[in-house]
Each structure stands twice: as C-alpha cells, then as structure tokens.
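There are 6 protein chains.
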Amino acid sequence: MSKRLADLQAGDHLEMPVLIEQMDVRKAKNGKQFLALTFADASGKIAGKYWQASDLDAKTFVAGQIVLLNGQCETYNNALQVKIDHLKLAPPNTYTLDQFVQHAPLTKQQLQDQMNELVLEITQPHWNRIVRYLINQHHEGFFEFPAAKKNHHDYTGGLAFHTLSIAKLANAVCDQYSQVNRALLIAGTILHDLGKTTELSGPVNTQYTVEGNLLGHLVIMDGEIVAACQQLKLDSNAEDVVLLRHMIIAHHGLLEYGSAKRPQLLEAEILHDLDELDATITMITKAQAKAQPGQFSERVFGLDNRRFYVPANLD
Amino acid sequence: MSKRLADLQAGDHLEMPVLIEQMDVRKAKNGKQFLALTFADASGKIAGKYWQASDLDAKTFVAGQIVLLNGQCETYNNALQVKIDHLKLAPPNTYTLDQFVQHAPLTKQQLQDQMNELVLEITQPHWNRIVRYLINQHHEGFFEFPAAKKNHHDYTGGLAFHTLSIAKLANAVCDQYSQVNRALLIAGTILHDLGKTTELSGPVNTQYTVEGNLLGHLVIMDGEIVAACQQLKLDSNAEDVVLLRHMIIAHHGLLEYGSAKRPQLLEAEILHDLDELDATITMITKAQAKAQPGQFSERVFGLDNRRFYVPANLD
Amino acid sequence: MSKRLADLQAGDHLEMPVLIEQMDVRKAKNGKQFLALTFADASGKIAGKYWQASDLDAKTFVAGQIVLLNGQCETYNNALQVKIDHLKLAPPNTYTLDQFVQHAPLTKQQLQDQMNELVLEITQPHWNRIVRYLINQHHEGFFEFPAAKKNHHDYTGGLAFHTLSIAKLANAVCDQYSQVNRALLIAGTILHDLGKTTELSGPVNTQYTVEGNLLGHLVIMDGEIVAACQQLKLDSNAEDVVLLRHMIIAHHGLLEYGSAKRPQLLEAEILHDLDELDATITMITKAQAKAQPGQFSERVFGLDNRRFYVPANLD
Amino acid sequence: MSKRLADLQAGDHLEMPVLIEQMDVRKAKNGKQFLALTFADASGKIAGKYWQASDLDAKTFVAGQIVLLNGQCETYNNALQVKIDHLKLAPPNTYTLDQFVQHAPLTKQQLQDQMNELVLEITQPHWNRIVRYLINQHHEGFFEFPAAKKNHHDYTGGLAFHTLSIAKLANAVCDQYSQVNRALLIAGTILHDLGKTTELSGPVNTQYTVEGNLLGHLVIMDGEIVAACQQLKLDSNAEDVVLLRHMIIAHHGLLEYGSAKRPQLLEAEILHDLDELDATITMITKAQAKAQPGQFSERVFGLDNRRFYVPANLD
Amino acid sequence: MSKRLADLQAGDHLEMPVLIEQMDVRKAKNGKQFLALTFADASGKIAGKYWQASDLDAKTFVAGQIVLLNGQCETYNNALQVKIDHLKLAPPNTYTLDQFVQHAPLTKQQLQDQMNELVLEITQPHWNRIVRYLINQHHEGFFEFPAAKKNHHDYTGGLAFHTLSIAKLANAVCDQYSQVNRALLIAGTILHDLGKTTELSGPVNTQYTVEGNLLGHLVIMDGEIVAACQQLKLDSNAEDVVLLRHMIIAHHGLLEYGSAKRPQLLEAEILHDLDELDATITMITKAQAKAQPGQFSERVFGLDNRRFYVPANLD
Amino acid sequence: MSKRLADLQAGDHLEMPVLIEQMDVRKAKNGKQFLALTFADASGKIAGKYWQASDLDAKTFVAGQIVLLNGQCETYNNALQVKIDHLKLAPPNTYTLDQFVQHAPLTKQQLQDQMNELVLEITQPHWNRIVRYLINQHHEGFFEFPAAKKNHHDYTGGLAFHTLSIAKLANAVCDQYSQVNRALLIAGTILHDLGKTTELSGPVNTQYTVEGNLLGHLVIMDGEIVAACQQLKLDSNAEDVVLLRHMIIAHHGLLEYGSAKRPQLLEAEILHDLDELDATITMITKAQAKAQPGQFSERVFGLDNRRFYVPANLD
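Going line by line, the protein sequences match chains A, B, C, D, E and F. Using our numbering, you'd call the opening residue of the first sequence number 1 and step up by one each time. Using our numbering, you'd call the opening residue of the second sequence number 1 and step up by one each time. Using our numbering, you'd call the opening residue of the third sequence number 1 and step up by one each time. Using our numbering, you'd call the opening residue of the fourth sequence number 1 and step up by one each time. Using our numbering, you'd call the opening residue of the fifth sequence number 1 and step up by one each time. Using our numbering, you'd call the opening residue of the sixth sequence number 1 and step up by one each time.
Only chain A is shown next, with the shape it has when bound in the complex (with noise of 0.2 Å):
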C-alpha cells in the first residue's frame, strides 16, 4: 500500500491517500450523473470514474480534496485508470496539499533566499524599490505558482524556480559582455512572469482566468507597475520606469507570440532570449526523459513538434 501512483500496473489493488486534481460531472448513457476524476500524488498522476454518484457526492469530490482512493488498477485506451471501489474524504488535517503535487528542485525556503539575493543585485533604486514592493504583494503566489499551464516547470514553486534559472542565465551573460545593465536585466526578470499569479488560477487544477484571457501576463503586471508608482510616488513615464515596463511587455520577443512591442533595448531582447532559452532546455530535457537510449522522444508542441533523440552511446 506505500506504493507511489507512478509504480502502479495493471491489476495492481490501491489503497491509497490521493489529491483530486480535476473532477467533471458527466452523464452516462442511461442519463445517471457520474463523477470523471483524476487523482495525483507527488509521484504522478491516474484517472477514473466514479458511478452513479450523487449530487452530494458532486459537491464533495471537487478538484483540490484530498481523498482515500480505494481500487483497481486497469488498462484503458493504452493508459492506465484505476476502478474505483471505495471514496472517501481524508479525515482532516491528517495529509497537507504539498505531500501530494510536484515542487520545484528547491524548496520555497530555498526558493525565497535566493530570490532576496537576487534583488540586492538591482542596484537602480526606483527599480528595487517597484520590483520588492511587487513581490511583496504578491509573495506568496510567486513561490508557489507553476511557471506555466503546461509544458514546462508545471510544478509547485516553477514560476520562482523557472525565474531564478534565468536570473543565473543573466549573470553569466552580464559576467561576459560588460555592456548589459545588471540591475536593469535582473528587475526584468524577476517581474516579467510575476502577473502569472494574476494569470492563472492557482497552483492546483491550475486554469486560465478571466483577467488572465483578457489582458494576459504582460500587460497585468505592466498595470501593476503603474500602480505601485502611484504607491511610490514614482512617476510612471520617466524613462528608468519606462524602460523596466519595456522588459515586461516586451518579453514574449514576437508580437505573435503576445508581445505589445518586439525588445528594443539590449537588455530586453537578453531576457527574451534567456527566457526561451531555460524553458526550450527544460522541455526537451523533460520529453527526452520519458524515451530511452537509441529512441526520439514524443513530439514536443511547445517546440514546434520537433521529437528529440535521445543517444544511445553517448557517455
């Protein structure tokens, strides 16, 4: 029964403490209502199906619950779902949620340390005074939110972790070529993904909102700029604020890609750069895990649906 959701095969019985990722209420054939579920632990993930379930059981196995699963593993479709015998709540405050998603490498205690150094490298005193009073407002999604819906750092903490990447990605450019501007590359960085927590719903069963589909990331946090000028007393269209609110409108590189304006300093075309860059290395890395030696990976859609091959001999 210790097993993890990830060891699971076929014809495997589960008993088991599992967080309820997404739930759907269906209708079957003969016009019942049942409940299409998928469970996750740190480990992975597993669908199934939970029958004839009432109104009350609708309301009580809603995404973000965490449940004692009791079942069968089987195979369907060429995946694996688990046949439900048994559902019930966890008696309260016996699991916590974070026993039950995937973290990011580094813990949120690691996570922040690294960020508070960070900024002391914004040696620009209107861009730290903006970028720390920023985090602070929105401290506790920035170490807690994915980086992205899907595709990469889809993880708890993955919008700091995937931040924290490019700001080292950004020092060794700075530590090369002296013409970059630290503080005003570091700034950027650290607030170009920040309006993700605004974005997206949360770092469970994580969804777009209605902001998020509306105005989009980039132009959320440029109005946060905005308003914490007015909380400053800065003013928002002197250049050095103009300049940092162009690293983050600008940060997506091609107005197709979601960008108001396409990088016009040197230092926002860095970001874009790097920015691409840890996510392309992080996708591929990811899609090359699951293949094995000798083998090209799955196709990877944020990639163009390029396949990746992973060596056979390379040591």
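I should point out that these hints are in silico values taken from the structure, not numbers from a laboratory. Don't be surprised by glycine CBs; every beta carbon is placed ideally from N, CA and C. Mixed in with the good hints, there may be bad ones.
Unchecked claim - Covered, in the sense of this in silico footprint (three residues per stretch, anywhere, with C-beta under 8 Å from a C-beta of chain D), are these stretches of chain E: (1) 166-177; (2) 278-287; (3) 304-312.
What the hints assert, rightly or not - The list that follows gives simulated cross-link-like pairs (lysine-lysine, DSS-like), each with its CA atoms no further than 30 Å apart: (4) D:Lys49 to F:Lys286; (5) D:Lys150 to D:Lys27; (6) A:Lys290 to E:Lys27; (7) A:Lys168 to F:Lys83; (8) F:Lys59 to D:Lys290; (9) D:Lys3 to D:Lys83; (10) F:Lys149 to D:Lys290; (11) A:Lys49 to C:Lys32; (12) A:Lys49 to E:Lys27; (13) D:Lys32 to B:Lys49; (14) C:Lys32 to A:Lys149; (15) F:Lys49 to B:Lys49; (16) E:Lys27 to C:Lys27; (17) F:Lys49 to D:Lys290; (18) E:Lys168 to C:Lys32; (19) F:Lys83 to D:Lys83; (20) C:Lys32 to E:Lys83; (21) F:Lys32 to D:Lys3; (22) E:Lys150 to C:Lys27; (23) F:Lys83 to B:Lys83; (24) F:Lys286 to D:Lys290; (25) C:Lys27 to E:Lys108; (26) D:Lys59 to B:Lys290; (27) B:Lys27 to F:Lys59; (28) E:Lys150 to C:Lys49; (29) E:Lys290 to C:Lys32; (30) D:Lys3 to F:Lys27; (31) D:Lys83 to B:Lys83.
Claimed, not checked - Label-pair restraints from in silico Cβ distances: (32) D:Gln230 to B:Ala47: 55 to 65 Å; (33) B:Ala36 to D:Glu298: 52 to 62 Å; (34) D:Leu314 to E:Tyr257: 20 to 30 Å.
Dock chains B, C, D, E and F against the given chain A, drawing on the hints supplied.
Using the frame of chain A, we list chains B, C, D, E and F on its own:
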C-alpha cells in the same frame, strides 16, 4: 502674393508667411552647413534649402516657427521646391499656428460638443467616470492631435474626428444588432486611440516619443485606466474595468499588429472592425482624390500597396 | 409528445414527426447494413442508427423525407442520440418541409419585399437591369438557400437575410460617407453571394455541387453577369459592367480567400468589409448564445478558433 | 550608320530609324517641358531626353511612332543614353513596326500553322468548337501579343510561342502517363493565357488595361467561354464545359497567385506545372545569357530574386 | 482460399499465407499482452489482433515474417479487420517475400536495364564515374527500396521507378530546350534520392533510420559523393563536382522543404520541378483510382489536402 | 598627417598609407574609364574616385593593395569622400596588411591559446580527433577570417572570436544544466562555422565563393567531416559521428535559414540558441555604439530592422 502653396507653379515668385514644418541641419560639399526645410500652409507643403546657414540660423529657423518666405519656385527631381532669397521670423503675434496647418472638417468646438454628447451614451457608471476622467486629463491633446503620423487623419483634430466617425458607425451597428452593448462599445471607442496623445509628440512635426516607441498607445492607455481607477477608488481588476481594458489592448485585432490580446468580446471585435473600416475609407478617398477619372491612384501603403481605380464614367 | 427535439433529455421517450436531414448507409461488424441518420425539426437535431436496414429501407429513408420517429433518448459520447424503435414515412401532405427547418428571422414574403425596395436604390440603369434579370433567374433559390453550409446564416432564407443585413450597413455607410456610390454598392451587395444558389445543392442537406467546387460562387456569378449582358444586349466589357463584375469577383478580399482580384474600388472594399462584419457579428452571437454568463464560448472556427467571453455582470 | 542599338558604345554618333517605345512629358527645372523617350529596334533599347519640347512635339513623338534619330551616345548613371540632335517622324510607309520589335523564334505563319495542328488533338467536340471559336475571336492578338508585360516571353508573338512550348511539354507528359486526358489538357493549354489579349494593351508599349486590372485574364477568359457557349448553343454549366472553365481559372495554381480555385483535376494541375516550368526555364536562360561563365546572373525577380550560376567549365 | 486480401468482405472466412507488415505489443484492459498486427499480400492489407500473446509469440510474429493466417473477416470502425483463429509461421522456403509485397510496374531486371542505358547519357567523365561508383555501392537498395515511406511510389522498386520516370521527363525537356546540360541533369536525377537507401530502413516495414532523421537523404548523399571522390582520386571542391553536389542538396527546391540551398543552376531547378511533377501525377492518380466517376477523391495530404475530381462523362 | 580615417572632416587634406578594400572599373559620361575605390585603415573607411584611369592603373590599384593616398576630404550625398590628387603603391615591405584592417579584441595568439584549451574539453576521443584534424586543415583561415561578410564580427579574427564567445556561454550553460553533454556541445561549437573558410573568399574584400553559394558552410563542413573520417579510419555513419554532423547541419535552427534539418538533439538546439544570442548581442551593441543617449539606433537589418534605444539616464 496671396497665393496658397498648393497653387504654385515652376517660375512663380513667392513672398508669404509659412510654417516651418521640418528642419534638418546638413553639411554641403564644401563643408559649410545649410538647412533643409519643409514649409507648410493650410493648403500644402514645399521644400527648400537655406544655404550657408550660421549657427544662429540653425537655432532660429526650427520646426514650429512661422516665417516670412521670399523666393523663387523651381522644379527639382520632378517636384517643386523653393529657391530661397530671404527668410525671416514673422513678427510675434501676427499669425497663429492654426492658419498654417490642415484641420479636421469640424472645428474644435464642434468636435468637443459632439464628444460631450457621445459620453452621455455611456450609461454604465464606472466606465462613464473613467472616460470623463481621462478626457479631462488629455483634453488639450485629444482635440488637437492627428490620428496618425501619416496614412489617415494626419491633420490637427484628426484624432477626435476619427474617434467620432467610428462612434457614428458604432451607433448604426448598435441600432441594427440589439445584442451589442452600446455603453461598452462607445466607452472603448472614445479611449481606444487616446494614448496617442502620449505616443506622439504633438500636432505639428509629429514624431513618436520614447514612451510611444517602447510601450505603444495601447499599453499606455491601459496603464492610465489603472491609474484612473486608483484616483477614482475603483478596482482595476473588477470585471467591468477588465472589459474596458480589453477593449483598448485588443483593438488592433491581430497580435502582429500590436494587440496584446486578440478581441474576445463581441464589442472588442466590432471596435476593431469599425476602426479599420473608417481608416480604410479615409485612405482610399485620399488616394483617389489625387488621381484622374479613368486612372488608378498611387499605391496605398497602409492597404498592402493596392492602387484604387477612379471610374471614368460614374455619375 | 409535443416536445421539440431541443427539449429532449436522456431517458425521454419520443414519438414525433421529424425531417431526415442526413443519411448514410454503413456496414455493421457482422456485415449487415444499417442507416446512420440525423433527424431535425425547427428547434434542433438528433442522431440515431437504424439497424438491419433492408435495401428498400435504404432507398426509402433518404435525406429530405419526413418520417414518424418512435424511440428512446440516450447518451452516447456525451451527446444525446435516439434508440429507434419504429420508423415510417409520414403520410403524404400531412406536413410541409417548412415545419422542420430553421428559418431566417424574417418570412420569405418579408425578405422579398425588402429586397424589392432595395433594388429601387440602384439608380444606374444597366446595373438595375442586370440585378433584376438575375434575381428573376434565381428567384426561388435566393429566398430559400442558406448563406453558407455552416458557420453563419446556415438556415432557410439565410442567403437573402444576410444580403439584406449587409445592405442595411451599406446604407448607413453611404449616409455617413458621401463619396461612396450607393447604386454600385447596393448592386454588388445583392449579387455578391447569389452564385451560391448554384454553388450549393439546396436549403436542406446542403452540399457543394461540382460547379461549386470547380468554379466557386464568385466565378459562377461573373459568368452569369456576362450571360445576362448577352440577353440584355449590354457590353460585358463596358466600364460600368466591369465595375459590377469586379464587385463580385473581389468580394472575398484576400486572394487566399478566393478573390480572383483584391478590391480596387472603394465600393468593392466596403462590400468586403461589411460582408465580414455581418458574418463576424453573427458567428460571435451564435457562439455566445450557447455559453453561460461568466464563461467563454466554444471556439469559433471561422474566427481563427477564438473563444468569446460572455460577461457575468453586464446589464 | 548600319549599326544596331545593341552594338552602340559611348562616343558613337548615330543616325537611324527607331521605334518610340515609351514617352513621358516632364517639366525641367526651369519650368519648360521636355520628353523622356525610350527608343527601340529589334536588337535592343536606348533612352534619351528631348529638351524644350513644344506642345506639338509632345503630341507627335508618342509611343508607337517610328522616327529618324540623330544624336550622340553617352554614359549616364552607368547606362548608355542618347544625346538627341535631331528627331523627326520617318516618312509614312518607309518602315513597318515589325522591323523594330523583338519577335518570337518562330514567324507568325509558323505559330499559326503549329497552332492549327494542335487544335486537331482536341478530339472532344464541345471543347474543339469552343477553342476554335475563341481563337477566331482573338486571332490577331493571339499571334502578336507578348506572354507577359515583362519577365518572360515579353516580345511579339510571345503569347503564342509560350502556348506552343507548354503544348509540346504537355504532349510529352501525355505520352508518358496514359491516364492524362490529352484533349482536355491541350484545350486548356491553348485558352489558358488567351485572356491576355484583353488584359494587356497590345504588343508595343504594353500596359495593363482597366479590365485587366479589375478582372484579370483568368476571369476574362472564363467569361468569354460562357459567351461562346451562348453563341454555340452549349450549356456553360454542363460538366465538360465546367471542366474546361476550371482549367482556366485554376491555372495559377495557388490562390495567392490569383487562381480563383486551386487545381482539382489532374489535367489542371499538370497545366499549371508546365506553365511554370516553361516560364522558369525561359527566365533562367534569359538571365544566364547576360552573365559570363564563372559568374552568377543578376537576380531574377520572378524566381524569388535568386541568382543563377553560369558554370565556367561546362561543355 | 485463393482469394487475395483486396477481395475480402465482412463475413468471409480466410486461410492463407500473408506477410506481417507491422506488429506492436500492447496491453489489454486486463493487463494481458496482445499483438496488434498488419498483414499484407501483393494486393492489399488487413489488420488484426492476436489476443493473449505469450512472450514467445511476441518474438516470433514480428514484421517481415510470413505466416499462415486463419480467421474471420469482420467490420470495425468502418474498416475490415480479421478475427484471428490460428496463426503460425509458414514453413521455411515455401514462400518468398516478393510474393507478398506490391512491386513497381517494371521488374527489377527491367529497372536495372533501363538504368544502365541511362548512365550512358552522362557523357562527362567525372560525373559518370561518381554515379557508377555510387550505384554499385547501393545496388541492392536502389532497385528494391520504395521512393517514400508513404504518399507516392511506396512499393518495392519504387525508388528506381520514380528515378526513371523523372529521367524520361528530363530527356523530353533536354530535347525541347537545347540550353540544358543533359549529362548534369541525368547525373543529378540518378543520385537525387539515392540517399534514401540510408535514410529509410528497407523495402518492408519502412521506417526512418537515425541517420535519416538527423541528416536526411540530401546531406547523406552529399557526404557519399565526397567519400566517392576520395576513393576515385577526384577533388570534391572542383567546379564539376560542386555542380553535381548542388544538384543533390538543392533538389527539394525550397529551404522549408529541407533544401540546404535553393536551386541556383538551370539543371537543378529543372530536376526539382520534374521531381515534383512526377510525384504529383502519381499521388493524384492514386487518389483518383479509389474514387468513383462523378465524385471527388479523398484528400491528398502531400498536395495541401486537396481533393481531385473524377469526371463522370469524360471518355 | 598622423590622422586616422575615422577622424577626418570635410575640408581636411590627407596624405597617408591606406588599404584598397574594394575597387570597380567604371565608365564616365564621356566614355573614359575611372576607378571607384574604397580605402580603409584600422579605424574606418572612405570612398574616392580615380579619374581617367589607364588600363595599367586598373590592374595596379586592385583590392588588397596598400597605397599612399594624397587628396582632399569633401562631402557628397551627406557622406565624406576623398578627392584624389595622387595615388601610388606603397613601397614593398614598408607596411603589413594587419595595420589596415580591424581586428578582433583578442590577438591571434590569444585566440589560438584559448582555442587549444577549449579542445581539451572534448573528452570523447572520436570528436576530439576530428576537431583537431579539421582545425589543422584550416588553421590559417580559422584565426583570420571574419565570422560573416557583414552584420556581426565582420573583422579579422572574427570567426575565432565568435566561436570562443559561444563556447564561453556554452560552458556556463553546461555548468547550470548537468544534463547537457559538454564534449558534444563544445565540439559542435568549434566546427559550426569553420566551413566559412571555404564559403568566404578571405579576411579582406570578403566575397562568397562559388562553393559558398552553391553548397553553403553547413554542407561544406559536413563533407569535410566525412573526408576527415576517411583519413582517420572512422565510420562516418557511426552514431557518434552522426551526432556531430547533425550539430553542424542543424545549427541555423530553422529550415528557412538554411538548416538541412531542425535541431533534434538538446546540444544542437543549445548551439543554435547561443549562436544567435552572441550574434544578437554583438549586432545590437554595434548599432547602439553609433547612436547618442536618448536616441534610437539605426535599423539593424539582421534583427528584422528593429531600432534599439540608448537610454539617456542609465548609469
């Protein structure tokens, strides 16, 4: 001497007050500096060179000054230019800028009156307050700026005139399709290009500002709505404000044209379509006006370099 | 039993007259043939399978027939379908096709009356004669065909209704911009999609015809204008006829969308823009009508798969 | 004095009959008008300016006239031009246009003979009648017009020569692939560009006509097939005529290149491919002929601005 | 029992030798493994599942084996499949692979003979030696491999057959256009796809190899020409060899289709055009062969998903 | 007289040794030939015309020669040029080419030393041997050629300097992401542009060679790896060599940019990204260096014609 610039022909002598619309300091073959000037009155423009210009001349005859121009009309590269004999500043207060620039078909007072009536159609109180607040903030520019640096409505008052033209089309659409929210469509129409008062430098010698280049009028106006909300104690993330912000940041339609998001509201799509329709009709009409019946116009840059036919026998 | 198809739920018994909208003969696993049917009434549609169909059945229950359907409603793949108990032809003359198909918001008579008034606005005599000649030629189809196989105005009378909607917008544009030639714009509007009566197979079970696939409704109508000119003793290469022909063959705007030429007349550009505007508003409205307040609609294929938001709190 | 234009060098005196290929009236710096002329003989072209031209001169020395040119050869902007000493009309009937224009490698008689033989291969009676009817209608133009305004086959008789070249390739394809319908392919080949006799103004000083710009030669020829059917009492919507019409309106291959439909017949696809193949070979050959062995040609506009290499050592 | 796969219908019993073209080991719902098989003979293919397969079965019934298949034909998802009763390996040496695979219209001997004659047309000695060297190196594959994994010429001998078809077209072009270098065009034609014997895995169960995926047949063949030059003591950077190498690496025409360079020789452009022409004719013919007169074919993936019409009344 | 070209102003007299960087023989209006020259020293360039040049002059003053230039500085078309008084060859051996060309920030010795250290990081023996073999083959060019004809690193030693810059970034990426194979990434980095020593003509007056135009440096280097393998008795189709070859032929990323294959290895994708990053930073820095604080740079061709802002107040 009472001729207008539009009436001049090669060989004419001219002696008249004109506006310096553009001026560049350049070096001649012999190393001496001269001024390359563009003069304008309300009817048209003419170029000329002022040779052997002193440093004082270069500081005196700048864009925006009204001067008394004395010279000879000649042809150069198939275009008219003026061979300057004398050039001196017009006596202060003898002329006003208005006499020398092209103006919208409506007077400033008419533009303001029609805009005031239009605001009454915004029956939703939050949008109404935001719109009135921002018109007040940019009152001077709104009724003086052009709607674009070139292409369409590139004359004083063009911004307000273009806005009112779209609003008239918008009201016709609302009359025909009852499902359209008139308050939202009119509020979005009024604000959609208002950021141009920050994006562009002014009604004369119009250039893009640094904010204009790095942020663009969509993001600029979105930031101003956020700031207005702080002043008016409104929540800039409430649904009604988010809808209005979406109207602004989506109004260029395609991401490739600088929309941060594509239109996802019926009213946002209609605003975009009517904005294009008014600009298109204006550009075609302007090009056709310069061509003869039975001929094709010059190529229209803003319409994929198409040429438009002026029928020979159409009554 | 007086239920409409749109009101059915899983588990309902049904016994009612319906139209066979589509029928395919297929083979079952055991090699026996069955009929895959789509039934319709004016409110909606439902699918069903008729098992062990004889060759006679396959010739009897074809698209366009009205039948008495007796069966049970059930859910299959998240959609309702009917489990057929009995199926027989409705007695002749007990029903008319009109009872079972969705119709435009206006009656056929209203469509014809409004169209007759519209023709009066074509004050140029050649265009007026050509338009009247072609309306007469295609009188039946013009007021019965849909405007498209799907996407927008896909109901009986949709072609004429869509044409009249564009014409209303066109008149508003002519009122606002005096440079537009109303006679040309209205004549082009009436004929622009009339070729669809040849391109499509009819108001029910609408398919593309061979001419439709190989020539398209733009070229078809251009050919018919040439033929009309021969009957009316007009020169099909005279400027006025060429202008009208251009209105038709350019109305898809972009070459990629099947325009043989891009619009090169002010009126041709406006016709294209208003055609798109009416189709766009109709598609968005149709999609939003199926969604709940506070939700996004399903993706709209004809609008680049965008989803449209239905505001939660908009009055 | 027996020199050809192609042989002239800077410093040469010339005195010879030439054709005025193009003429523009322009204004000089001093306001006086002059004529900008392009002269041609069968070997090449040369430009020249005729200063201080009277209004009578401007009406006399128009495109299409044959004149006796007396002047001096000089270099201007790296190109030869003629400094005109005298210019007068050649005495009537002393020369014919044919002497001064470049002609296809075959004589008009040869072109006609080969075309007559080709028509015999159209064994389907309706297509045969339509093709013969339309060749008769445009007999003069078909054997005199160029195949294009520039790029390829831009000489007298080019249209018929290009048509015959494609037909030869088409027969080779039919010999190799028995599934191709030879009658349809040959009929389509003969008519595919015949609309150019209406689209273009003529064999000399070739311009696009208004019909050419607003309809294009594909739609023009489709309309003429419809008109021919009325004269020949054929049904223009019968399958065989629709196939022939499709050959014409689809022959540009891609919608972006002005096809109203993409090819949907084997023969339509082949016609498009062979049309491109002949034009491509002709453009490359023309560009390579101007380059030296071991060099790359100038860029070929019609082939995406590619340059083509002329091998140094290829026998 | 003498039926071919192409003749089977639902309900037929079958007992016949077939080739295993493809085999995947999968898991059933109950966790037990089964084999998903595709069987083939020279007439066609059929799929089937072998339930409860032992590990030995999974190693025995692999792609490339000839087996005796005993089962029942049934319909599943509108396609035929076989319900397997018995399956066993055919006795060794009772059948040859050739009996079960589709072959080019010419025999291997005919292909070789025609290719030998073709090589004689390469009158340039270096190209002749290189071509003969490389044909020898890949002799077996050249006359057995398909020309593509699917789409066109996807049968044994397809590579050589496709090569010979292009060569016939090439000779017709050389006959018509004397400026074309026949030796270069034929040499390039023979080698252009020869790299596919390395890019693809073989004539049966054809897959892309790792070299195929990572280098592609253009680069592979270019490398082989370099290696051949080393063996033959030729300079791989001499002009004549560079021309031949360019023929290979440019033959896909557009960079987007994997050409390392766009064609910059007349012969390279022609090779590309004829390669496409032969593939296009073959794909259309294959699609039309499956459709009925008066119908459109299924969509052809390799031709932008176009459907092609099969005329109803064309003799 | 000790002035550098970069310091000259209109009116200056100059008398100094310079390199002839480019020379064209042209014809003047009077038919006499003259030389259009570009002179260079290590600081910059200046153009000049040498009138009435004899045939001997045209053979003497060719690109690559060092000459003593005597003349007058003047302005022409807003650019400086030199009015040449005297021109004669510099005495042999009084100057070396190095004095007149711009060089990388590192000396040739430094470039070689750093490259030698870099090779040590290639711990895989086959790649190590191939890389050392090819560096030896192209030793002279590798440390003298520019990295591109223009755009970025267009100076002597630019190829090696650009290679080392990418390698530094590559090492930083390997330090941060342990999954990257450092030996493969470094080996690919060193070879990726080495083919430019064949693609380009040399460090001065750089042109594309015929091999460069027809094959490109990707295919050239791939061929050289194959040839190296033959010399080193390695199998060019073994997996490790194929991986290295893929690094080279995929490094332009997109097929449209001349990659024969898109990157399908983690290391190939990273090489492409870092290649672009270094080129991008270099191009932006070069453009910004020519602009004033508070201004936008000129448009950067290699970056989609973007202009980059130089902040006014950034410390």
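Hint check results:
1. 166-177: holds (count 6)
2. 278-287: It holds, with 4 qualifying residues against the three required.
3. 304-312: Coverage by chain D holds for the segment 304-312 of chain E (7 residues, Cβ < 8 Å).
4. D:Lys49 to F:Lys286: violated (45 Å)
5. D:Lys150 to D:Lys27: holds (28 Å)
6. A:Lys290 to E:Lys27: holds (19 Å)
7. A:Lys168 to F:Lys83: violated (54 Å)
8. F:Lys59 to D:Lys290: holds (24 Å)
9. D:Lys3 to D:Lys83: It holds: about 17 Å lies between the C-alpha atoms, which stays within 30 Å.
10. F:Lys149 to D:Lys290: holds (26 Å)
11. A:Lys49 to C:Lys32: Distance ~34 Å between lysine 49 (chain A) and lysine 32 (chain C) Cα, so the pair is violated.
12. A:Lys49 to E:Lys27: With a Cα-Cα distance of about 20 Å, the restraint between lysine 49 (chain A) and lysine 27 (chain E) holds, given a limit of 30 Å.
13. D:Lys32 to B:Lys49: Holds, at about 22 Å.
14. C:Lys32 to A:Lys149: violated (48 Å)
15. F:Lys49 to B:Lys49: Given pair lysine 49 (chain F), lysine 49 (chain B) holds - Cα atoms ~27 Å apart, limit 30 Å.
16. E:Lys27 to C:Lys27: Distance of about 28 Å is within 30 Å: holds.
17. F:Lys49 to D:Lys290: Given pair lysine 49 (chain F), lysine 290 (chain D) holds - Cα atoms ~27 Å apart, limit 30 Å.
18. E:Lys168 to C:Lys32: violated (49 Å)
19. F:Lys83 to D:Lys83: holds (28 Å)
20. C:Lys32 to E:Lys83: Given pair lysine 32 (chain C), lysine 83 (chain E) holds - Cα atoms ~17 Å apart, limit 30 Å.
21. F:Lys32 to D:Lys3: Distance ~22 Å between lysine 32 (chain F) and lysine 3 (chain D) Cα, so the pair holds.
22. E:Lys150 to C:Lys27: holds (28 Å)
23. F:Lys83 to B:Lys83: holds (28 Å)
24. F:Lys286 to D:Lys290: violated (39 Å)
25. C:Lys27 to E:Lys108: violated (40 Å)
26. D:Lys59 to B:Lys290: It holds: about 24 Å lies between the C-alpha atoms, which stays within 30 Å.
27. B:Lys27 to F:Lys59: Between lysine 27 (chain B) and lysine 59 (chain F) the Cα gap is close to 35 Å, so the pair fails against 30 Å, i.e. violated.
28. E:Lys150 to C:Lys49: Outside the cut-off at roughly 35 Å; violated.
29. E:Lys290 to C:Lys32: holds (23 Å)
30. D:Lys3 to F:Lys27: holds (21 Å)
31. D:Lys83 to B:Lys83: With a Cα-Cα distance of about 28 Å, the restraint between lysine 83 (chain D) and lysine 83 (chain B) holds, given a limit of 30 Å.
32. D:Gln230 to B:Ala47: 55 to 65 Å: holds (58 Å)
33. B:Ala36 to D:Glu298: 52 to 62 Å: violated (34 Å)
34. D:Leu314 to E:Tyr257: 20 to 30 Å: holds (27 Å)
When held up to the earlier numbered hints, the structure conflicts with 4, 7, 11, 14, 18, 24, 25, 27, 28 and 33 and fits the remainder.
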